[in-house]
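For reference, the chains in residue letters:
Protein chains: 2
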Amino acid sequence: MMITVDTLIHARWIVPVLPENEVLEYHCLVINQGRIIDLLASAAVEQKYISKQIEKLEHHVLIPGLINSHTHTPMSLMRGIADDLPLMEWLEKHIWPLEQKWMSEEFVSDGTDLAIAEMLRGGTTCFNDMYFFPNITAHRAIKAGIRASIGLILIDFPSVWAKNSEEYLEKGILLHLSMLTEPLVSCVFAPHAPYTVADESLKKIVTSSEQLNLPVHMHVHETEFEVHQQQRQTKETPLERLSRLGLLKPNFIAVHMTQLSDKEIYDYAKTGGHIVHCPESNLKLGSGFCPISAALDAGINVALGTDSAASNNDLDMFGEMRTAALLAKGVTRNASSIPAMTALKMATINGAKALGLEDNIGSLSIGKDADVVAINLDELETQPLYDVVSHIVYACSRQQVTDVWVAGKHLLKQRQLTQLDITELKSKLSKWQQRLSTFK
Amino acid sequence: MMITVDTLIHARWIVPVLPENEVLEYHCLVINQGRIIDLLASAAVEQKYISKQIEKLEHHVLIPGLINSHTHTPMSLMRGIADDLPLMEWLEKHIWPLEQKWMSEEFVSDGTDLAIAEMLRGGTTCFNDMYFFPNITAHRAIKAGIRASIGLILIDFPSVWAKNSEEYLEKGILLHLSMLTEPLVSCVFAPHAPYTVADESLKKIVTSSEQLNLPVHMHVHETEFEVHQQQRQTKETPLERLSRLGLLKPNFIAVHMTQLSDKEIYDYAKTGGHIVHCPESNLKLGSGFCPISAALDAGINVALGTDSAASNNDLDMFGEMRTAALLAKGVTRNASSIPAMTALKMATINGAKALGLEDNIGSLSIGKDADVVAINLDELETQPLYDVVSHIVYACSRQQVTDVWVAGKHLLKQRQLTQLDITELKSKLSKWQQRLSTFK
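If you read the sequences in order, they're chains A and B. Per the numbering used here, the first sequence starts with residue 1384, numbered consecutively. Per the numbering used here, the second sequence starts with residue 1384, numbered consecutively.
Since no wrong hints were added, every one of them can be taken at face value.
Below, a list of computed lysine to aspartate or glutamate pairs in the EDC-like style, where the Cα atoms sit at most 16 Å apart: (1) B:LYS1646 to B:GLU1623; (2) A:LYS1814 to B:ASP1761; (3) B:LYS1439 to B:GLU1429; (4) B:LYS1811 to A:GLU1762.
These aren't lab readings, by the way, just hints derived from the structure by calculation.
Just need the whole structure built from these sequences, with the hints factored in.
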């Protein structure tokens, strides 16, 4: 008996990521009600499935939607506004004063829209965010149809979003509760960093994250300065302090982690916590190198993030995979470190694991949601072709992404965004450019 | 009196590179007989120049054509054929056996065509090559209209191009003489590396390069292994040996240089020699980091190259500028190291200086040849815009290059190559893919 389904995507190649190293040729992804319900040889489809929506991608590879595991999406409005400066000077003299002046619901809304548009155009289908007005970011994500892990930010200084730690926490929890019925939005606690959140608040987050079963997403050991400062204050490293407070558990997502001794890697691995590696941001701010080869060897789940467009200056997960793979080889002096497939896993299934979403996304597996990216490999820049995964990581650019689906919905169609009005967005960006330039 | 000229290019921005840090707005580049003859405010053009060819690039920045100062263009046929392997294993077990089997005029011709097409599509207008059958590469460059610095290769093992060192040298010199009337082709001696060329051959190259006034282009201090091997053999470093043989002079172009002590940087600076930094290739092969910040501080002219597409895996000078700028910050832990403008200079004027072509190219200066690249900054990925040079280096991708001129000839027109037949090229690449796959 024939089965009628929503969408059939035939592709020259499919790299499902799980099982690892599998490259299917001339296969078809069968999507119904937002889920992947089958993955079979194209030749076998006609006898089994009928659909009104059939895509035939003759020169394309399908991969799972890329997961950007660390973003501050609204900061895209500050792309390139202050470059070539160290982290603290960059934050204290440029980013924070600009935010102080301009932070608003409108700022967050327009910045998030820009980031979402850029991410979808580049094959990113899910992002893990940390910023003020997370409610606005959540609603813009819902409107755009992209999957989002929304950070319930907590930082020990007042902002227009919340006046103190209690209010940050309270508003965060309310947001989480209001999002429970949203299939594409999940929430994570997001205490900013060890140096900006006091013990008391962190303890509350531990309690709440247990009660609500939510992950905790935090900048940790980003710079040597951060580690030394903590050591001067409490004679412990930030990781030791977080351990003492009970944060280091399998739901902990530590971002950056450029300062790690072998012992710290070993100890962190035992906690079951995750690392989000942001290689381009760490390079650009001169923060250091996260030892991802050693971390992976120790059994730590390592995901990838771009950080914000203000310190990158893009939200390009293809670039991030490539930089992660190249940089690891350079740092370890071992050209076999982080092969292409490992980089692709970091940008897909490892991200899903870090965010606690591996049952739904991260691979093109039957039963998971249909977050799918099609990449056209028929460009000169990816010719000849001997190894599809090599080209995805080392040769192709995000402009070769032609189509993107999130939960089966076609959000990028032959490079056109289906849910966002680019012209309107550009006119808003032009206004922000004028405002922020004047202040700068 | 009105002057009739070949081409007028009005642009929203022009970054001439010289003078440094200048960003002109609403200016026009005036081109006649292949040269830049004026650069003036767009508003002033009407009273001075007439042309049948007027380009109005309202959202674009014009920059000098990018100079890829180290390539092995025909190796593009081996893009992605063997990844994630250390240099010597990669060369000895994969690249050299493939070359042994397949090297021919046809291989070089088709591989060069692919590389030229990729380079022009990415804003590269000049490349400095090193490979067998340099005569073929020179002729393909002439046919395509791209500028080329052709390496007269010398390596102490036989190939189908030459059977011994004498023949390499002789054929190289003959090629140079045959190219003297070609305005877009220059030649450089290209002894492969210290570990593949004997003293006697290097001495001959010193003599010939003086007689013919040609630069010398060589891989130097690429890996620790190379340095140690030389030290075991002659108790001197490769640089010490090259110094003893008289190669280290202002016409010397040392590629890679990842192994350099402070003293070696100081000594090399005194010779007046150049460095070509290939950050992505050095990372991918795990070779080490070239200390470019220290080299520039010491007064060394540092240019940029991609190396071959077999160890990169692209010929993307935008990617290389970005990686150079980011990596330098990471290695020195100094976010102010290699600001965007420095990276752009490395990819333009510094390349021109290294190749001895700074009188002709490397900046949009009156009197120089019109090697010009237009980049469309009106994409979401380069919005908002606060700093044009920042976006060129940190945010934009080579797909935003819309138009390319070499010596005034329009080689890429709204992203279409005007001199190369892509369909024919792709069918040739498909044949090579089959042949090389079988052998692999």
